[in-house]
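Visitor: Chain residues, written in single-letter form:
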Amino acid sequence: MRQEGILRHATNRILGLVPTMLVLITIAFFLIRVAPGGPFDSEKILPPEILANLEMQYHLDEPLLQQYFRYLGQIVTGDFGPSFHYLDQSVNELIARGFPVSATIGGLAMLLAFFAGILIGVIAALRQNSAVDYSVMGVAMLGISVPNFVIAPLLILGLAIYGGWLPAGGWDWSGQRMVLPVVTLALPVIAYIARLTRGSMIEVLHSNYIRTARAKGLPERVVLLRHALKPALLPVISYMGPATAALITGSVVVERIYNIPGLGSFFVQGAMNRDYTLVMGIVVFYGLVIILLNFVVDLLYAWLNPRIRYDEAP
Amino acid sequence: MKPLLDIRGLVVEFDTPEGVVKAVNGLDVRLAEGETLAIVGESGAGKTQLMLAVMGLLAENGHAHGEALYRGRDLMQMSPQELNRIRGSDIAMIFQDPMTSLNPYLTIETQMVEVVMHHQGLKRDEARAHAVEMLRAVRIPDPEERIRQYPHEYSGGMRQRVMIAMGLLCEPDLLIADEPSTALDVTVQAQITELVRELRERTSMAIVIITHDLAVVAELSDRVIVMYAGEIVEAGSAEDIFYRPQHPYTRGLLASVARLDKASDDELHAIPGNPPNLQDLPTGCHFRDRCGQATERCKRPPPLWLDDTGRLSRCVLPMAGGRLQAGQILPPEPDGAAADEDAAAPGGEDA
Amino acid sequence: MTTDAEQRTADPSVEDAFTAALAEKDERGRSLWIDAWHRLLKNRAAVVSGVIMLLMLLAVLIGPMLLPWEGDFTDWDHTSSPPSLETGHWFGTDAVGRDILVRTLEGGRISLLVGLVATLVSLAIGVTYGAVSGYYGGLTDRIMMRAVDIVYALPFMFLVILLMVVFGRNIILIFVAIGAVNWLDMARIVRGQTLSLKSMEFVEAARACGVSHQAIIRRHIIPNLLGVVMVYVTLTIPQVILVESFLSFLGLGVQEPMSSWGALVADGAQDMEYAPWTLFFPAAFLTVTLYCFNYIGDGMRDALDPKDRL
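Sequence lines, in order, name chains A, B and C. Heads up, the final residue of the first sequence is numbered 314 in the working numbering, and it's a clean run with no missing numbers. Heads up, the final residue of the second sequence is numbered 351 in the working numbering, and it's a clean run with no missing numbers. Heads up, the final residue of the third sequence is numbered 310 in the working numbering, and it's a clean run with no missing numbers.
Bound conformation, chain A alone (with noise of 0.2 Å):
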């Protein structure tokens, strides 16, 4: 019974997919295509004959219609097209060396986000109103509100440069250097996700249901355990799709900080360079990323809650 309702409910939500990937390719093309300058206008300055041979070979002396469709029908079989700054490399490869670093420095901290984040949403909810509450929410409030730029290079001069803990920046896989990227990254995804638990868990824990338990003789831990849990917890879950943007985004001026060689920081030195491809790509495959992580999600929470299923979900 419930099966079907969420098959139902995946199926819409595919649908629904297709249309905002090809918003989102649409715009973004078009958007770098405007631009002013082309992609190898930077270089040194080549002779016309050769300019124009690149520009075939990249398509680029085609209307632009033409190119539009050309690139779509790339996409779908999943080919970003060469990149135009680094000539010798495609954007696949590319994206498939910044990927696993970004990845994993955001899954980090989404997986510690979640944790601290919830763990001090139910302390504080626990003790609601008093100095453990206010001073907490205090610090998260200062969590929301220092932007990541701020935070690291107070860390890094804290724990690296004065302390001399940490590396102060750069990648190699090591744990080590893992450590400052994935806090800062986290900050404020756990200060709104601690939040987000205490108001919802203080929400939960006055209503009906929860008097219910009580009145029938069940002790306060299984009555939080049991009862007030996984409610209190459906926000939560719901913010994840806005928490994978907030990562992506914050990972843009982490990994610049940071130094780290993941998709942010391609795409701020493609956007800067002009390398359509690049840019698009990374941009395309982002999306992709957020769509998909959104849909996943919905599908969780359709499943965790039982109310779902009959209103269908707008």
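Honestly, I wouldn't trust all of these hints.
Unchecked claim - Simulated restraints on C-beta separations:
hint: 1; chain 1: A; residue 1: L299; chain 2: C; residue 2: G137; range: 44 to 52 Å
hint: 2; chain 1: C; residue 1: L57; chain 2: A; residue 2: Y134; range: 40 to 48 Å
hint: 3; chain 1: C; residue 1: W69; chain 2: A; residue 2: V139; range: 32 to 40 Å
hint: 4; chain 1: C; residue 1: L139; chain 2: A; residue 2: L65; range: 38 to 46 Å
hint: 5; chain 1: A; residue 1: P19; chain 2: B; residue 2: N61; range: 35 to 43 Å
hint: 6; chain 1: C; residue 1: L139; chain 2: A; residue 2: P48; range: 26 to 34 Å
hint: 7; chain 1: C; residue 1: E204; chain 2: A; residue 2: V18; range: 54 to 62 Å
hint: 8; chain 1: A; residue 1: L64; chain 2: B; residue 2: H152; range: 49 to 57 Å
hint: 9; chain 1: C; residue 1: L66; chain 2: A; residue 2: V139; range: 32 to 40 Å
These are calculated hints, taken from the structure and not from any lab test. All C-beta atoms, glycine included, are put in the ideal place defined by N, C-alpha and C.
With chain A's structure known, arrange chains B and C on it following the hints.
Guide: Quick look at chains B and C alone, frame taken from chain A:
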């Protein structure tokens, strides 16, 4: 006979941004085994808070003082663990809005089975069987299938039955039902009332019904307590209250009920005024600003009239067959007539 | 068939009763604002934040005029000097001798300006979109909201970065680009409010009595929207300032000689090892501003809808 539940001097207060609000102001209530007691009053009269306080379920900003003796043990002094042993198994409380009172994220099975498993140590399948039987007893169709469903898959009336069933699982001595049929429509109300009546006949369980629906009171209760602004204004057997109401408030309540045996173009009598603002009560008798028979003497706290059958009235108007509680005097008549000073024999209010 | 006007005169008693009811509701509506104001004043965090923000505003507006030098004045005698009272550089100087205090205050002007203007852009787009969608309802609403859903899923930051790179660092563009990022939430909220207001009974009653669309919108829909919109504006401002400082940090924000807190932080981060004050002060001002706005926004939300209070 020793009462099952003996509440003495219960006071319930709430801290609000506008100050301390007294929801219940020094109540004494006694309940015998197997007795059905109805607590009647308008919303905000304190009826629900009274029972919540006894069960230890007040909101965080609520405080209760006084005694609530259950079989001689004071519930108000118990530790949370001790209280938890009694709640759900010896004393069960069910609430008025079954949609929000059942956990929407857990199956009915989970919510029922946990009570029995916790209090009686049954294994899961035994507990399940017991729960199914209980659902059957409250007339849920197809209980073996339906027990695996979620609350929103049930209708309102069925949900209320589930709540009742859940309350009965451990065969409690006392069931407290807070407005059991108020949130339901009329035909369903009748079914629930019928169900409760059956329970009364079949078990020796005491029941406290909190309601503002006099029809329910008439059908089900042995004794009635009428509350106003956190105090008991009248108490007595159901028959006494319905046929021989003493207190103007009780009379007002009874007069405001639409009746089939009255002409349909008779106006409905409403009690004039609004429900009392607990932070701004009239001095003396709290009901006097809405009472058609109020006089100057009502500005002083009204005395308590009692008799040996547990009949009670808190009013300056004398109660038929009653005497004043020990130590109380009647405020003087407005025209200066001598006050009635009855030598009061010591007496309590017997259940 | 009677027209609206005729219908109105046909049953004056109903109209009187209704006007009276509306008037009473207006009065209660006004006292709703007063209530909300009192509640806000009781929220210490919000009040303190408000005061700090006012001081901040004063400082950035008037401060630079009171100081002896401008932001681009290079004091070659005191390059990279720490904060001190004797040199007159209370916040110290940067590598080329520019006074950090002045730079911070002037940067504040830009950051707050962008915050305000971009939020207004966001407001304009969002409220219009949301109100139109909510008011017309039906298919229009569904299409418009579907569009919002689609756009919501896009990684906006990336598109903004693209915009800045593509079109250069024009301050007008910054206003528009950042404003365009945030209007989605505003649109959704406004649409939700409009929908629920539209279907409220008093609006139906008003229509039934022939009260005009305009009057309804003016006296009932707008005041009710106002509350929600105000909360959102106060919460959007810090988000927008954040986005702007993000861009500036990446080098995509306002052009020299204009500077904003984000750019100052970027500069400061470069020199932080030996001149940490170049990082500290702009970072502190930025953080305090965001912090305070968040508390004010929270406070307003609680004041206007205490049920949301958690």
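Visitor: Now tell me if each hint is right for this structure.
Guide: Hints, verified against the model:
As the Cβ distance of A/L299 to C/G137 is approximately 30 Å, the hint placing it in 44 to 52 Å is violated. For the hinted restraint 40 to 48 Å between C/L57 and A/Y134, the CB-CB distance of approximately 27 Å leaves it violated. With their beta carbons about 37 Å apart, C/W69 and A/V139 fall inside the hinted range of 32 to 40 Å. Taking the beta carbon of each, C/L139 and A/L65 are about 30 Å apart, not inside 38 to 46 Å as hinted.
The hinted window of 35 to 43 Å between A/P19 and B/N61 is violated, with their beta carbons roughly 50 Å apart. Remark: the range hint 26 to 34 Å for C/L139 to A/P48 is contradicted by a beta-carbon distance near 54 Å. Checked against the hint of 54 to 62 Å, the C-beta distance between C/E204 and A/V18 comes to roughly 40 Å, which is inconsistent with it. Roughly 53 Å separates the CB atoms of A/L64 and B/H152, a value that falls within the hinted 49 to 57 Å.
Judged by the Cβ atoms, the range 32 to 40 Å given for C/L66 and A/V139 holds: they are separated by roughly 35 Å.
Checked against the numbered hints above, the structure breaks hints 1, 2, 4, 5, 6 and 7 and satisfies the rest.
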